[in-house]
Amino acid sequence: MTYGQRWEKRLGKAAFKRLAPKWKRHIKRMDALPKPVKTISARRMHQILGT
Amino acid sequence: LAPRSVFFLDASALVHFFAPLGAESRIIHNRIDRLLDAASKSSGRFVLQIPNICMAECAGAFAKLCFEDRVFGADEFAQDAYRGLRDALLNDVSRERIIHSYELRRDHFIGIEDIFLKDYELPPPRQGSRLSSHDALILSMANEYRLAHPADSVAIVTDDRRIVDFCRAFRDDFPRGVRISTQNAV
Chain H
1 MTYGQRWEKR LGKAAFKRLA PKWKRHIKRM DALPKPVKTI SARRMHQILG
51 T
Chain Z
1 LAPRSVFFLD ASALVHFFAP LGAESRIIHN RIDRLLDAAS KSSGRFVLQI
51 PNICMAECAG AFAKLCFEDR VFGADEFAQD AYRGLRDALL NDVSRERIIH
101 SYELRRDHFI GIEDIFLKDY ELPPPRQGSR LSSHDALILS MANEYRLAHP
151 ADSVAIVTDD RRIVDFCRAF RDDFPRGVRI STQNAV
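Residue numbers (this note's numbering), protein chains in the order written: chain H, 1 to 51; chain Z, 1 to 186.
Please note that a few of the clues may not be correct.
Subject to a maximum C-alpha distance of 25 Å in a straight line, what follows is the list of computed PhoX-like cross-link-like pairs (lysine-lysine) [unchecked claim]:
#, chain 1, residue 1, chain 2, residue 2
1, H, 13, H, 24
2, H, 9, H, 35
3, H, 35, H, 24
4, Z, 41, H, 28
5, H, 17, Z, 64
6, H, 38, H, 28
7, Z, 118, H, 35
8, H, 35, H, 22
9, Z, 41, H, 13
10, H, 38, H, 22
11, Z, 41, H, 24
12, H, 38, H, 24
13, H, 28, H, 17
14, H, 9, Z, 41
15, Z, 64, H, 38
16, H, 13, H, 28
17, H, 22, Z, 41
18, H, 28, H, 9
Rather than coming from a laboratory, the hints here were simulated on the basis of the structure. Remember, predicted model here, so these are calculated numbers, not experimental data.
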């Protein structure tokens, strides 16, 4: 399920259509983000973020 | 008007939102998504902020993911992925103001020594490390906001265990800390 589809499911079709343009653009951008070709361990992610 | 809820998101939370790369990442992504959902419905009563110093930290983390770990592929794929992630963050923060940038100012350095003094009053962390200077600045910025806007509820949303432990230990003097990998912010 895409990011946009999750928003639509959560809000309902009518409310999703009424979303302000800036939120629609945000959803479009999130759906266009690059897709990873490999996974990364939680440990490595913590290392990168220093957490 | 009801008081506003203000959430300061740091890089350790936001990087997972833009690059959900594992099971834990996806949990954090979904929890931040809930925050955005609440903000979209709140007519400005629910505000998301990012300390501007965290923008640089996000860019650094994106670079490591793209060019060191090559999670989006190599060469031009890595370049494109880095640009995509950077543009998504910049658009949400600088252009659309879905997340507001909170500027670091001179007065955020005032009293920063006290944050480190307080940190050393606490037992050493079981995992991870004590507060970094970056963490202390985030705490100082969120706390300055809390003191300047007393009617607002202010929270720091992070995946940094030490920031959350610090906020819990000094709950009367600092904003609420939310460890986003283990709890919902809303």
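Taking the hints in turn, this is what the structure says about them:
1. 13/H with 24/H: holds, 13 Å
2. 9/H with 35/H: Distance ~22 Å between residue 9/H and residue 35/H Cα, so the pair holds.
3. 35/H with 24/H: Within the cut-off at roughly 20 Å; holds.
4. 41/Z with 28/H: holds, 18 Å
5. 17/H with 64/Z: Since the Cα atoms of residue 17/H and residue 64/Z sit roughly 37 Å apart, the hinted pair is violated (cutoff 25 Å).
6. 38/H with 28/H: holds, 23 Å
7. 118/Z with 35/H: The given pair, whose Cα atoms are some 42 Å apart, is violated under the 25 Å limit.
8. 35/H with 22/H: Holds - the C-alpha atoms of residue 22/H and residue 35/H are around 23 Å apart, at most 25 Å.
9. 41/Z with 13/H: holds, 15 Å
10. 38/H with 22/H: Measuring from Cα to Cα gives roughly 31 Å; hence the hint is violated.
11. 41/Z with 24/H: holds, 13 Å
12. 38/H with 24/H: violated, 29 Å
13. 28/H with 17/H: holds, 13 Å
14. 9/H with 41/Z: holds, 15 Å
15. 64/Z with 38/H: Between residue 64/Z and residue 38/H the Cα gap is close to 14 Å, so the pair holds against 25 Å.
16. 13/H with 28/H: holds, 16 Å
17. 22/H with 41/Z: holds, 13 Å
18. 28/H with 9/H: holds, 15 Å
When the structure is compared with the earlier hints, violations turn up for hints 5, 7, 10, 12 and for no others.
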